[in-house]
Amino acid sequence: MADRLTLSRGAVLLGGVSLAAAMSVRRLSPLQAPAAASEAVEVTLTAAPRLFAPFAGISYQGLAYNGSIPGPLLRVRQGQRLRVRYVNRSGGESTIHWHGMILPNAMDGVPNLTQPPAPDGGTFLYDFVPQPAGTRWYHSHVFPQLIKGLFGMIIVEDPHDEHADQDLALVFHDVAKAASVDAAMRGISTAPMVDPFGSPERRAMGPEEKMGDEVGYAAHCINGASYPKTAPILVRVGQRIRLRILNANPTQTRYVRLAGHTLRVTHSDGNPLPQPVEVEALRLGAAERYDAWFEVNKPGAWLLQGLSADPMAFQQAVVVHTPGMEGATPLGSAQSLEGVRSFTYELAGAAQALGTRPRVERVDVRRSYVLGGGRYGSERWTMNGEVWPNTAGVIVRRGDRVEVRFTNKTDMHHPMHLHGHVFEIVEIGGRALRDPLPKDTALVDPNGGTMTWRFRADSPPGRWLLHCHNEIHMMGGLMTAVEYR
Amino acid sequence: MRRFLVVLAAAAATALAALSVAHAHAASDPYSGGDAASGAKLIQSSGCEGCHGAGFTGGLGPKLIGIEKRLTPAQIAAKIKSPAPPMPNFGFTDKQVADLVAYLSGLDGGTGKPVVKIVPPQPSGEAMVLVTFTGTPPGDAQVQASMKMGTMQHGTGWTPLQKTADPHTLAAKVFFAMAGEWTVQVRYGSGQEIDVPLNVDG
Ligand SMILES: [Cu+2]
Chain A
358 MADRLTLSRG
368 AVLLGGVSLA
378 AAMSVRRLSP
388 LQAPAAASEA
398 VEVTLTAAPR
408 LFAPFAGISY
418 QGLAYNGSIP
428 GPLLRVRQGQ
438 RLRVRYVNRS
448 GGESTIHWHG
458 MILPNAMDGV
468 PNLTQPPAPD
478 GGTFLYDFVP
488 QPAGTRWYHS
498 HVFPQLIKGL
508 FGMIIVEDPH
518 DEHADQDLAL
528 VFHDVAKAAS
538 VDAAMRGIST
548 APMVDPFGSP
558 ERRAMGPEEK
568 MGDEVGYAAH
578 CINGASYPKT
588 APILVRVGQR
598 IRLRILNANP
608 TQTRYVRLAG
618 HTLRVTHSDG
628 NPLPQPVEVE
638 ALRLGAAERY
648 DAWFEVNKPG
658 AWLLQGLSAD
668 PMAFQQAVVV
678 HTPGMEGATP
688 LGSAQSLEGV
698 RSFTYELAGA
708 AQALGTRPRV
718 ERVDVRRSYV
728 LGGGRYGSER
738 WTMNGEVWPN
748 TAGVIVRRGD
758 RVEVRFTNKT
768 DMHHPMHLHG
778 HVFEIVEIGG
788 RALRDPLPKD
798 TALVDPNGGT
808 MTWRFRADSP
818 PGRWLLHCHN
828 EIHMMGGLMT
838 AVEYR
Chain B
1041 MRRFLVVLAA
1051 AAATALAALS
1061 VAHAHAASDP
1071 YSGGDAASGA
1081 KLIQSSGCEG
1091 CHGAGFTGGL
1101 GPKLIGIEKR
1111 LTPAQIAAKI
1121 KSPAPPMPNF
1131 GFTDKQVADL
1141 VAYLSGLDGG
1151 TGKPVVKIVP
1161 PQPSGEAMVL
1171 VTFTGTPPGD
1181 AQVQASMKMG
1191 TMQHGTGWTP
1201 LQKTADPHTL
1211 AAKVFFAMAG
1221 EWTVQVRYGS
1231 GQEIDVPLNV
1241 DG
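As they're listed, the protein sequences go chains A and B. Residues 358 to 842 (the working numbering) are what the first sequence spells out, left to right. Residues 1041 to 1242 (the working numbering) are what the second sequence spells out, left to right.
Bear in mind the hints are in silico, worked out from the structure with no lab data behind them. Some clues are possibly wrong.
[Claimed, not checked] Within a straight-line C-alpha distance of at most 30 angstroms, the following computed DSS-like cross-link-like pairs (lysine-lysine) qualify:
| no. | chain 1 | residue 1 | chain 2 | residue 2 |
| --- | --- | --- | --- | --- |
| 1 | B | Lys1203 | B | Lys1081 |
| 2 | A | Lys586 | B | Lys1103 |
| 3 | A | Lys586 | B | Lys1121 |
| 4 | B | Lys1203 | B | Lys1119 |
Between the sequences and the hints, there should be enough to build the whole structure, so can you do that?
Following this line, the structure appears as structure tokens:
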């Protein structure tokens, strides 16, 4: 016990926060009282192998933080310090990356770039003030530990947030078939295409490629459990519920629907949207998060589902019900987006007409990247024709205004992620966004799709990775860095 | 040229029986006469097979192959319109439910004769067996190759036929260990079997 939780002056014992929260993640009950006021939150995260069996017939040798997939839900108040003693018993080198955080570069958790990885049996101390406020997450940055289960959600509470009657953390993840991961690393697709009918992902693929998705998944989970074993969420008529949803899938985009309800999206990747948008389905690329709200207007039972055309997609569901409706048949949704109003960046950012340009403002550093590679049988995924570490980075000085533009020449969406910054999407496919969208990860459309980001280089100096969050593409070389000079 | 002799006596008899059952219901049952092809699309986009097993062979939900022999269209419809949990209510219209009933009722292979094709037609060693059904391929179809050696029967053992890109066709590889007079046997549903004699060269 002593090595799981450490106490020090001014620190709060996380028995009441992180462990109870870990339980609540599993049970999907409302999160516990907000993080206690104190200078610092201290926690020990221990990574170790764990047999994971979310569904009959599926048992998987994974990795877990503190024995739990996903790892414990961490909750801190804005301004509070977080000290995580990382104990690595994963069987290999490991780090923790704090996804979406602006923090000292040495805390960013990129092996051999920002820190030497913790060796197996070793430890590392992550010590920083988590910011900005919002729904963030943490995960190993050593392949394939994220795929195996080393991830969890961290919430930085904003005292100015609107009141929610329940604030629920929902981590969507899927158990990868190891053989398909191996094949994907050699550029071979062995899995059927599972993007939902009517999704842009499905439309992007030519007919002859209809069969191929890179990685196949054997089980689909919400907070580490599969329907019908997911613990129902009890809600009451009149309540306003805040959902914090993370797609922890390492390769696939996930669509999320709550049958019979619309969702009001207020935050993208934890950052407040210019204005909320009402949608019927969320769309989360790998590593993306959305905060989405709904109101309970009548008694009933409904399924909250992750949509995909995978035959076992039904597993990624949880019943939301009012008192007395626990035994009722829940209303469900088809695994299809035909006729469904789904979240898009264009919608949330009020995309203007084709040919419009982002607001004219001073830009000190401009960089464009052509995303390429991904040919069948080749493991190379490229930026301007090069693979990491030969890709040319973005060289900035502190305070610079930076613009990065992507042109995606491949036939897959790429969830591009920038460490240590919040950027704004200002252009997509030749359309300026009237309300630039604040994010840390964004899907770049395939087949010639473009996207422009802007950000201020005002993070702590260092080398901040910029890469595709599809683990296969990242390992295939689709990675570079923003370097402060 | 080899011959493809498809022995369908048993299958044809069951198919006829199924036809007459369907016919008997048609007059009175509002959920008969749906469109199986539209039903197939709904099945795919609703993810029914995840719970009911690939090919509806049974999983979390019960096996649905041959459900038309146990239940009338109206009874099947009732199970879809007001399901018991964990099966969700998808909020289908009556027309959609009728289409689903039509699809589910054809799960044991459809009413026409399946066609068995062997590629290459004159195999030595390995061959691909393709079985094309007139309706939805049954989820429990299997294939084996066997040959008589004197009084002994040598067989590859039954292996499941897998889905292919063509929604009506199942396929599997078979291996002929030696030259001789072989029989490729396909079986599915409740006792239907197709035998294709085949001369395998050394
Ligand atoms: Cu990618």
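To see whether the hints hold, each was checked on the structure:
1. Lys1203/B <-> Lys1081/B: 16 angstroms, holds
2. Lys586/A <-> Lys1103/B: 21 angstroms, holds
3. Lys586/A <-> Lys1121/B: 23 angstroms, holds
4. Lys1203/B <-> Lys1119/B: Given pair Lys1203/B, Lys1119/B holds - Cα atoms ~27 angstroms apart, limit 30 angstroms.
Consistency note: the structure conflicts with none of the earlier hints.
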